[in-house]
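J.: Here is how the chains run, residue by residue.
There are 2 protein chains.
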Amino acid sequence: MSLQSLPMLFLARVYVTLKPGVNDPPGLAVLGGLKNLGYASVRRVRLGKYLEVYLDAPDRATAEAQVTEMCRRLLANTVIEDFRFDLSEEPRLTKPQADP
Amino acid sequence: MSLQSLPMLFLARVYVTLKPGVNDPPGLAVLGGLKNLGYASVRRVRLGKYLEVYLDAPDRATAEAQVTEMCRRLLANTVIEDFRFDLSEEPRLTKPQADP
Chain A
1 MSLQSLPMLF
11 LARVYVTLKP
21 GVNDPPGLAV
31 LGGLKNLGYA
41 SVRRVRLGKY
51 LEVYLDAPDR
61 ATAEAQVTEM
71 CRRLLANTVI
81 EDFRFDLSEE
91 PRLTKPQADP
Chain B
101 MSLQSLPMLF
111 LARVYVTLKP
121 GVNDPPGLAV
131 LGGLKNLGYA
141 SVRRVRLGKY
151 LEVYLDAPDR
161 ATAEAQVTEM
171 CRRLLANTVI
181 EDFRFDLSEE
191 PRLTKPQADP
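As they're listed, the protein sequences go chains A and B. Be aware that the first sequence starts at 1, since it is given in the numbering used here, and climbs by one per residue. Be aware that the second sequence starts at 101, since it is given in the numbering used here, and climbs by one per residue.
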């Protein structure tokens with residue numbers, strides 16, 4: 001099997017956030033916690049999810065289409081959440097970076 | 101009160117991720133869910149947190165120092181998690197963007 005026939009490895013960094021106006025009790029809890037610790041200058045906290053998804057795909061367009069579909073079907077609840085993601089090509093057979 | 105005496109409003113976008121090597125059962129559950137939906141090309145999923153923190157500060161350096169301290173004290177468990185954040189100055193008295 002030649003190198004060229006291998007699919008590429010992509011890393012999708014997915015951000016899932018609550019739509020504006022949707023209640024965010026965990027965010028309020030974090031805000032309260034910060035205030036209790038003395039951070040009076042904090043105005044607002046919104047809590048979301050961050051996912052790193054590694055996937056094989058023949059090209060970037062396919063990877064992008066697949067991740068969009070995954071977000072719609074499982075990763076985000078599009079009734080109350082928005083999602084966005086960046087896609088980067090990763091080297092094969094190396095460990096993902098801790099702080100990319 | 102003049103405009104100049106008002107503190108600036110900053111938005112910190114905070115990413116909290118598990119350190120490499122730390123078990124991630126929720127990530128494995130998402131990976132399993134994606135496989136069950138037919139996404140055989142997904143290799144790995146790591147789940148993290150994403151927070152948007154709005155805070156007042158007299159300048160960027162102060163905001164940066166405060167957010168770093170908040171992460172260390174409350175937002176991240178630095179035994180098992182890494183954190184990083186971007187800081188941007190926000191216009192006053194406007195709603196935060198849904199998809200910045």
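Hints listed in this document are in silico derivations from the structure and should not be mistaken for laboratory results. Just so we're clear, the structure is a prediction, and the values are computed from it rather than from any experiment. There's no promise every hint is true.
Said to hold, decoys possible - Taking lysine to aspartate or glutamate and the EDC-like style, the derived pairs with C-alpha atoms no more than 16 Å apart in a straight line are:
| hint | chain 1 | residue 1 | chain 2 | residue 2 |
| --- | --- | --- | --- | --- |
| 1 | B | Lys135 | A | Asp56 |
| 2 | A | Lys49 | B | Asp156 |
| 3 | A | Lys35 | B | Glu181 |
| 4 | B | Lys135 | A | Glu69 |
J.: Would you check the hint for Lys135(B) and Asp56(A), treating anything up to 16 Å between C-alpha atoms as holding?
T.: Roughly 13 Å between the alpha carbons, so the hint for Lys135(B) and Asp56(A) holds.
J.: Assess, step by step, whether the Cα of Lys135(B) is no farther than 16 Å from the Cα of Glu69(A), and give holds or violated.
T.: Distance ~13 Å between Lys135(B) and Glu69(A) Cα, so the pair holds.
J.: Can you confirm whether the C-alpha distance between Lys49(A) and Asp156(B) stays at or below 16 Å?
T.: Since the Cα atoms of Lys49(A) and Asp156(B) sit roughly 24 Å apart, the hinted pair is violated (cutoff 16 Å).
J.: Within 16 Å, alpha carbon to alpha carbon, are Lys35(A) and Glu181(B)?
T.: Distance of about 22 Å is beyond 16 Å: violated.
Hint check: violations occur at hints 2, 3; the rest are consistent with the structure.
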